[in-house]
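Chains as they are written, first to last, in full-length UniProt numbering: chain A, 1 to 341; chain B, 1 to 341.
Hints are computed from structural coordinates only; laboratory data are not their basis.
Please note that the accuracy of each hint is not assured.
Identical copies carry no separate label here, and so any pair may be met within one copy or between two of them.
Listed below are the simulated DSSO-like cross-link pairs for lysine-lysine, each with C-alpha atoms no more than 27 angstroms apart in a straight line [stated by the list, open to error]:
1. K306 to K341
2. K306 to K155
3. K8 to K51
4. K155 to K235
Protein chains: 2
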Amino acid sequence: MSHQLEKKSSYNVAIAGVTGAVGEIFLEILAERKFPINQLKLLASPRSAGKKISYDGKEYTVEALSKDSFNDVDIALFSAGGSTSKEFAPIAAKAGAVVIDNSSAFRMDDDVPLVVPEVNPAAAFRHKGIIANPNCTTIIMVVALKPLHEISPIKKVWVSSYQSASGAGAKGMYELQTQTRQLVNDEPLTIEAFSHQLLHNVIPHIDTPQDNGYTREEMKMFYETCKIMGDPSIKVSSTCVRVPVISAHSEAITIESENPITVEQAREALDKAPGIRVVDDLPNNIYPMPLDVAGKDDCEVGRIRKDLASENGLTFWVVGDQLRKGAALNAVQIAELLISK
Amino acid sequence: MSHQLEKKSSYNVAIAGVTGAVGEIFLEILAERKFPINQLKLLASPRSAGKKISYDGKEYTVEALSKDSFNDVDIALFSAGGSTSKEFAPIAAKAGAVVIDNSSAFRMDDDVPLVVPEVNPAAAFRHKGIIANPNCTTIIMVVALKPLHEISPIKKVWVSSYQSASGAGAKGMYELQTQTRQLVNDEPLTIEAFSHQLLHNVIPHIDTPQDNGYTREEMKMFYETCKIMGDPSIKVSSTCVRVPVISAHSEAITIESENPITVEQAREALDKAPGIRVVDDLPNNIYPMPLDVAGKDDCEVGRIRKDLASENGLTFWVVGDQLRKGAALNAVQIAELLISK
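Turn these sequences into a full structure, and let the hints guide you.
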């Protein structure tokens, strides 16, 4: 198939949206993991073209994304928003690149795999030029669900999220930092990135409202979980809330499984699972927190306990860096997977 | 019974712990609601004795709490911590006062009513000198549960909280404000009131760990809900999380009831319920948020929608000022109830 990556010693990689919050982390992670890059092409909107960015000791000039950007590109990492992906990902795929797209544009398309390498690695190879990177909050949840699902199938999930400002991109992170400074300096607070003041507040609204009273973010957690886990029978009900945290998303999760999963079984399975670290010692004030997890690759799981309301229920707390595992790292791991065969 | 309040035109009221976060609000609320006070006695630890506090245009001197503090007191409002309540509430009751105690010291005692006036007003009259004011997070939840429970009995509750700094008292609120200033001024952050930095973080740990992996705060939400609702069959599973908000607690709640409750039924019942305001217009960015609810008496409910995981499930979002309805206001409402008969 034309779209399977040819085995090479190094690859031509393009990053579309390199000046955004996730774009920057793409570069960090590619360098950290010594991804075998032959040529690197940094792409962004015309507004950012000409900007200099250094990678691995060399300076690169950001180019304006155009329909000619993808000639000779093997792997195109997209994180430039849904409309940009919709326009340029098919062009990149047609030009022969494998696109790994961080937007929600193609996630639910039948012929686009939605991949979390720890959960459904095989799906990555069934692409037709575009592979979708799931929603950040969903990725962080499913890495923890997967090892439990293997003990006993998960039937129901209730999740409340505590999502950080940088989930709304660099502008969200910047707005929280700006509001913090403004409050202390007694200045009026800038409110642009979020619909309300985020500092010293929480906002139970992420992404656009849907007809059923849920937000799009909340519905993504339902549909994407089913697709990634390959089980359309899982029901996910969520409340997605923005909290005044710079980076890393937290989630309070309850699962109900077909058969009971004990705390010991869960801890053992999570301990062995890739991409997860169990951080669970409440009496010593040890549990995952966004301040600790920001900048880390692994998602951390703690507060693991039997659910008190559901018969076969288990309750726990997961925190993951949504710019890394929730976005850039997951995409790079998909690329690593593709070049590993 | 000696402990039922005699009908008078005004009452001698003592406040124990008047210099704390809740103590201050006690005074605000008594004044706002023109509680009929004959003599007012302001009590605190010896450390705070001598402090001047004005109430309704008059200046009062804080006295050190002692075993002689309660002679001639009709109503004693306590918010001075569990150990002070344990020592002095029985003394006050013996001296003839009716104690309304905001600590957790007596809440689960069989002969101490645990009262939320909107939920179980009759229980208030079954006291033997001490009435307990429930945990703040529990009060805010049960005012919303009660009207739904009347449509169809609630069997299960899953709740994740977003609790503000002032839930840990004035020192918690002060620490978040201090950390905000310190971060902006590039100073080291003071971490004393909470086990970790709260600013730009969330901490999934409130109150002491229990053997079952839950915290005491989380277990209070279970046991106190059953006692207040008068239904020991309700099962409550919660995750209590501290968030960097100054005041007002938020809660993402899912209930499973015996029979389905529609969104329309729920909204209608909550709209009519005392102590609640429905604030629910997601497409117009309208929902309860702590910044808006702080300082208000009513709890606000929004994001009301059918739960997607549970058959007879309903999911919603409640925010309440935990110093007011979650503490001082609820206690004063209990006092009003007692003098109303």
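For each hint, the structure was consulted:
no., hint, in the structure
1, K306 to K341, "neither (40 angstroms within a copy, 45 angstroms between copies)"
2, K306 to K155, "both (16 angstroms within a copy, 17 angstroms between copies)"
3, K8 to K51, "neither (30 angstroms within a copy, 78 angstroms between copies)"
4, K155 to K235, "both (6 angstroms within a copy, 19 angstroms between copies)"
In summary, the numbered hints that this structure violates are 1, 3.
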